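Colleague: The lines below spell out each chain.
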Amino acid sequence: MSIQTMVTWIVVLGGLAAVAKPLGIYIVRVFTFQPTWLDRPLDRLEDRLFQCMGIDRDSNMSAKEYSFSLLLTNLAWMLAAYLALRWQYHLPFNPEHLRDLKPTLAFNTAASFVTNTDWQAYSGATTMSYFSQFAVLSYLQFVAPAAGGAVGIAFLRSISGRQLGNFFVDLTLMVTRLLLPLAVIGTVLLVAQGVPETLKAYLHVHTITGLRQWIPRGPIASFESIEHLGQDGGGYFAANSASPLENPTAFSNLIEILSMGLLPLGFFYAFGAMTGKRRFAWTLIGVAGTFFIGMLALVYFPELAGNPLVNSLGLHGMVNMVGKEIRLGLGGTSLFETSSMAFATGSVVSAHDSYLPLSTLSFYLGMFLNVVFGGQGVGILNMLMFVILTTFLMGLMVGRTPEFLGKKIEAREVSIAALAFLIHPALILIGSAIAVATPLGQAGIFNPGPQGLSEIFYAFASAAANNGSALAGLKAALPFYEVILGVVAVIGRYASMIAMLFIGQSLLTKRSIPESQGTLRADTPVFAVVLLGSIVVLNALTFFPIMALAPIAEQYLMLAHHLIR
Amino acid sequence: MAMQTSSKASYRWVVLQSSLKKLNPAEMIHNPVMFVVEIGTAVVCWMAWSAVGRSAVGYDWTIAVILFLTMWFSTLSESYAEARGRAQADFLRRTKSSTKARLLDSEGGTTLVDAALLHQGDRIVVEPGDLIASDGVVLNGVGSVDESAITGESAPVLKAPDDAVTGGTMLLSDRLIVEVTANPGETFLDRMIALVEGAKRQKTPNEIALTALLAVLTLIFVLVVVTLVPIADYYGPRTTNIPIMVALLVCLMPTTIGALLSAIGIAGMNRVSLVNVIAKSGRAVEAAGDIDTIILDKTGTITIGNRMATEFLPLPGVLVDQLAEAGLWSSLADTTPEGRSIIDLAQRTLGLTSPPSLSGEPVPFSAETRMSGIDLSDGSRIRKGAVSAIEKLVTSPIAELKVIADLVASDGGTPLAVSRDGVALGIIRLKDVVKTGLTDRFEKFRMMGIRTVMATGDNRITAEVIAREAGVDDFIAEAKPEDKIHLIQEQQTSGRLVAMTGDGTNDAPALAQADVGLAMNSGTMAAKEAGNMIDLDSSPTKLLDVVMIGKQLLITRGALTTFSIANDIAKYFAIVPALFVTVPTLRGLSALNIMHLTTPHGAILSALIFNALVIPALVPFAIRGVRYRAESAAKMLVRNLFNWGVLGVIIPFAGIFAIDRILGLFGMG
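Protein chains in written order, with numbering that gives the first Met the number 0: chain F, 0 to 564; chain R, 0 to 668.
Simulated from the structure, these hints should not be mistaken for lab results. None of the values given here were measured: they were computed from a predicted structure. C-beta: ideal position from N, C-alpha, C; glycine also. Hints may contain errors.
[Stated by the list, open to error] One-sided and incomplete, this derived list gives chain R residues near chain F with beta-carbon spacing under 8 Å: (1) Val221; (2) Ala231; (3) Pro236; (4) Asp291; (5) Glu367; (6) Glu481; (7) Gly557; (8) Val580; (9) Thr581; (10) Leu612; (11) Met635; (12) Leu636; (13) Leu640; (14) Phe641.
[Said to hold, decoys possible] Covered by chain R, according to a simulated footprint, are these stretches of chain F (three or more residues, beta-carbon under 8 Å): (15) 162-171; (16) 228-240; (17) 247-261.
[Unchecked claim] When the alpha-carbon atoms are kept at most 30 Å apart in a straight line, the in silico DSS-like pairs for lysine-lysine are as follows: (18) Lys509(F) to Lys430(R); (19) Lys401(R) to Lys276(F); (20) Lys474(F) to Lys63(F); (21) Lys509(F) to Lys401(R); (22) Lys541(R) to Lys202(R); (23) Lys202(R) to Lys509(F); (24) Lys443(R) to Lys401(R); (25) Lys479(R) to Lys430(R); (26) Lys276(F) to Lys443(R); (27) Lys101(F) to Lys509(F); (28) Lys434(R) to Lys279(R); (29) Lys101(F) to Lys20(F); (30) Lys541(R) to Lys479(R); (31) Lys443(R) to Lys479(R); (32) Lys99(R) to Lys391(R).
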């Protein structure tokens, strides 16, 4: 491992750990309506907005109303996006005269962007007009994460003894107080690194070799900035951040990694600041951080050791650089990909399909667990779902009715949490089974052997986890995949969010029990180890068989020097 | 509790019979985990049956048999737990059915009727040697009663008017007239029979929560296994084989806890009745495990029985004899042990051989006035009671009274002031003795995180001395009955669960208000009705046993669930490499066979057999409960996590390996 890699990693991880606290406190101040320094410029604007919507800043909704507002709003966005993509040709800002999208692709894209998945079954430069890029996709890249953050906030309120709040207020504040200001800073920094930001047509140039070439451009920097801040991950171009136009330098690489992690970490800390259990928040950050470092190592070291098949030819010391950008190096690439999988962003700087099977396990880990900070708001929700399940079993073992933050966990909460846990593997397993078993699904398989199977698992895991990256061999532009992955993304996005809102409301109505010597403390290293263990065991039990069938089997094949053809 | 088992053979027959009856799917469906096992068994049987003649049929039948055993071990453990209770119930029922009662009619005559026909309000006559036919209150007569059938305590208990008697106990001497207080089917004995039989057993809140969690876990594994069939076909048609997939499913599902969950609950209730406590519901026992605060009466609970009068301390100008005489008169109608101890001391002081006969109007003690006494026929009014109460009564308060009282109190004694016609005479020193072994028990409560609060009618100083001596965390002094309720409510609003013990009628509201109210069997009927548990031995520190059983119940459930889930890791390592041996591309997975199991078929059988055998192996833990020690939650978590989580991962590796080798010996590998 080079010094440069180590320094980069330490700077980024240290930087993220350092901003978690101030950002978390800021988030709590915003959403508990305490004064912040942005009040002055924004208060009047927001008040006008709320006035237009006819809502009150400190009105409250029940879990049912909150969920309903969430679903309805998202449905409206999705419909609007679908229609805009279908009629793209007739809409303005289309200097390249790009055509309307076909129905399944329009559905897939609308569903995928509204659910913060940003799975892209198209190539941006040849499919999307400027209008579609900035007014449809970029817009959704703001509001989709904002909706996730709003639900996270509502849940955190409910477990800290507050009413859930108003979805529309939370949604607005997520955009005005967090995403917009941060996106402006991000855009400026990226432009400074040379990322284009323009509405002019693509450049047609004569190269020095005498050929004609067109170079696509557009409002890239602003797209790139929110894509990462919102853990959306939908790239402007098909190559995503591997393209030098999206991510030109090592510094822009760092900016993008940091912007992905800011809000997820902020939300983890906000949990502590909101409930007053700051040590508990650090415990959870520790657990997720341990997973993060494990994932990073699992990507980096197999790639560093190189392909066993190549090594067996006597070519030792060859780092597996297939599909990676030399300008970012293995260290920068591993860190970007780990962050993208951990924070459920799904943007890429390299070709996931070219990774060794062992390294892809790290990508799977991020999508299966969905708690390694995850997307803003939803990551902490998933983590707390595991905390509730773990506390239930561990609480029994200390001889008391299990408690979470002083509230008893009973049949209702446990059942909902267990069902919320069930949804994610159910979507991945059932979806993959349908794809493997039907000719429609089989038609998309590109690579033979375990890798082909892995591409299917990956696609469903990516959609269910609202990640959006792909193990790119799979032909995702088939109507079958466009529809089924869109549906999986939608269920994967909302089912567990709503489940958690109802748990929150149920806990809110319960009597709070003071701590005593007999209470199981959750802010200790012992609990951190137990939580880590439960997350690993529960997920391993669920996903071990399919992992054995694809990446693990492939790894053994490579070790046995077998080539699949 | 006295327990009589009929011949062992028939007992076993009953268990066997009921365990087979429980295999009925209509009953099995209440246990989602085992219900899925049952469906799986049926599927494998059908596969084996319809594939007669195929080469692997013998193997399929072997799987079916092991699956059946897995299921049957579950119903067997439940029937076994129930049978332990039923043996007690049968004995009690025999006691009941043979009882006849002498029903007293309005003319004073008696008719012999069946005990089962007695109603509330009936009056019965009980002669020496009779079993008391129903629960009631003594109206007339004093007699000694043998309560061993209910309490197991062989020493007879003296029953006087207003004392409660329990149906099924035997009058040894004298004659009692008893008013029946329970309707048929509602007596203490009936309730006890229903309890130990588990007939009215309902799932407790925590059991419901755990059942829900297990159901979802089962659903997840059903999903994993069912989707694996089409997914594995990626490598060629019929890569998987249904009986083997069912075996995988059953191995992964939490069958261990699923099989033992109901036995744990039944056995928990049995353990409660084994410490001679009748719990009116399983919910109450579970709640006992969550108790944060225990309110204990000082008298009878923390101190031995009652306070004894040890000294007369007259005010200046009053003779000891004058004080003793007043004390004697005021206590003549006082039947409490304190009152008797005053009479004893007065007799010794005055040199009398027997107390004078009562002449005058006794004024009974009330919690409001906090004093008692007598209005003598010569017109003089003698009162004794709490110093503050007497001070209010006397016309010219004397500072000395308070001085003497404080002196007594600071010594841990209880001062009892005596006045005659509004003139204070002096103080009687009553002394408390703290029961031995109590400090230990309170220390244990403290380690569990439970606060103990002593409630007493005594003044602060007295209360403080006793509290310090006994080692309770807190106390309330000069407590009136409503103070106890206030205390309970106050604790409850701050989110704590409160337990209390009590025996008097004035304890009834507090017993009802508390989350766990343990009433003493020696107490009044009202108290017994208000509490949700009754201690047959009337030993208030029994609460510790009940709390421990409640905690043990939860720990046992948590431990077996953790064990069940932890076991799955080894099972994956046994089965997954064996599952796909026929697929060339997946042959590398045999590297996961880290136990070096001999053959793929042997590996799957070994895992399945291990899964089945774990159930009977853990029955002792389900019945007795996982050992519980009073210690902090953090320590307990680490210990149980090691015992059940870490060992739960390791043990199946060893077990499956051993079974595989044994199968190999028989050529079945």
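Colleague: All the hints need checking, so say for each whether the structure fits it.
Modeller: Here's how the hints hold up against the structure:
The beta carbon of Val221(R) comes no nearer than 10 Å to any beta carbon in chain F, farther than 8 Å, and the hint placing it at the interface is violated. Of the supplied interface hints, the one on Ala231(R) holds, with its beta-carbon coming within about 6 Å of a beta-carbon of chain F, less than 8 Å. The interface hint given for Pro236(R) is violated, since its Cβ lies 11 Å from the closest Cβ of chain F, which is over the 8 Å cut-off. A distance limit of 8 Å between C-beta atoms decides the matter here; for Asp291(R) the minimum to chain F is near 6 Å, and the interface restraint holds.
Taking 8 Å as the C-beta cut-off, the interface hint given for Glu367(R) is violated, the closest approach to chain F being about 33 Å. Checking Glu481(R) against chain F: minimum C-beta separation of about 23 Å lies over 8 Å; hint violated. Here the hint on Gly557(R) is kept, as its CB sits about 3 Å from the closest CB of chain F, short of 8 Å. The interface hint given for Val580(R) is broken, as the beta carbon of that residue sits about 12 Å from the closest beta carbon of chain F, more than 8 Å.
Evaluation of the Thr581(R) hint against chain F yields a violated restraint, the C-beta minimum of about 13 Å exceeding 8 Å. A cut of 8 Å between beta carbons decides the hint on Leu612(R): the least distance to chain F is about 21 Å, and the hint is violated. Among the interface hints, the one on Met635(R) holds; its C-beta lies about 5 Å from the nearest C-beta in chain F, closer than the 8 Å criterion. With its C-beta approaching chain F no nearer than about 5 Å, Leu636(R) sits inside the 8 Å limit, and its interface hint holds.
Residue-level restraint check for Leu640(R) holds (minimum Cβ-Cβ distance to chain F is 7 Å; threshold 8 Å). The interface hint given for Phe641(R) is broken, as the beta carbon of that residue sits about 11 Å from the closest beta carbon of chain F, more than 8 Å. Residues of the segment 162-171 of chain F lying with their CB closer than 8 Å to a CB of chain R number 0, which falls below the three-residue condition for coverage. With 0 residues carrying a beta carbon less than 8 Å from a beta carbon of chain R, the segment 228-240 of chain F misses the three-residue requirement, and the given coverage is violated.
Residues of the segment 247-261 of chain F lying with their CB closer than 8 Å to a CB of chain R number 0, which falls below the three-residue condition for coverage. Restraint check for Lys509(F) and Lys430(R): not satisfied, since their Cα atoms lie roughly 46 Å apart, outside the 30 Å limit. Restraint check: the Cα-Cα separation between Lys401(R) and Lys276(F) comes to about 51 Å, which exceeds 30 Å; the hinted pair is violated. Straight-line distance between C-alpha atoms of Lys474(F) and Lys63(F) comes to about 39 Å, which puts the hinted pair past the 30 Å bound.
For the hint pairing Lys509(F) with Lys401(R), the CA-to-CA distance comes to about 49 Å; that exceeds 30 Å, so the pair is violated. Taken as a hint, the Lys541(R) and Lys202(R) pair is honoured in the structure, with Cα atoms around 24 Å apart against an allowance of 30 Å. Taking the CA atoms of Lys202(R) and Lys509(F), the gap is about 21 Å. The hint holds against a cut of 30 Å. Note on Lys443(R) and Lys401(R): the hinted pairing is violated, with a Cα-Cα distance of about 38 Å set against a maximum of 30 Å.
A hinted pair counts as satisfied when its Cα atoms are at most 30 Å apart, and Lys479(R) with Lys430(R) qualifies at roughly 21 Å. Proximity of Lys276(F) to Lys443(R) is assessed by CA-CA distance (about 29 Å); at most 30 Å being required, the pair is judged to hold. With a CA separation close to 50 Å, the supplied pair Lys101(F) and Lys509(F) exceeds the 30 Å bound. For the hint linking Lys434(R) to Lys279(R), the alpha-carbon distance of about 29 Å falls within 30 Å, and the restraint holds.
Proximity of Lys101(F) to Lys20(F) is assessed by CA-CA distance (about 46 Å); at most 30 Å being required, the pair is judged violated. Of the pairs offered as hints, the one joining Lys541(R) and Lys479(R) holds, with about 24 Å between alpha carbons and a cut-off of 30 Å not exceeded. The hinted pair formed by Lys443(R) and Lys479(R) meets the criterion: a straight-line CA distance of about 28 Å does not exceed 30 Å. Of the supplied pair hints, the one linking Lys99(R) and Lys391(R) is violated, its CA atoms being roughly 54 Å apart against a limit of 30 Å.
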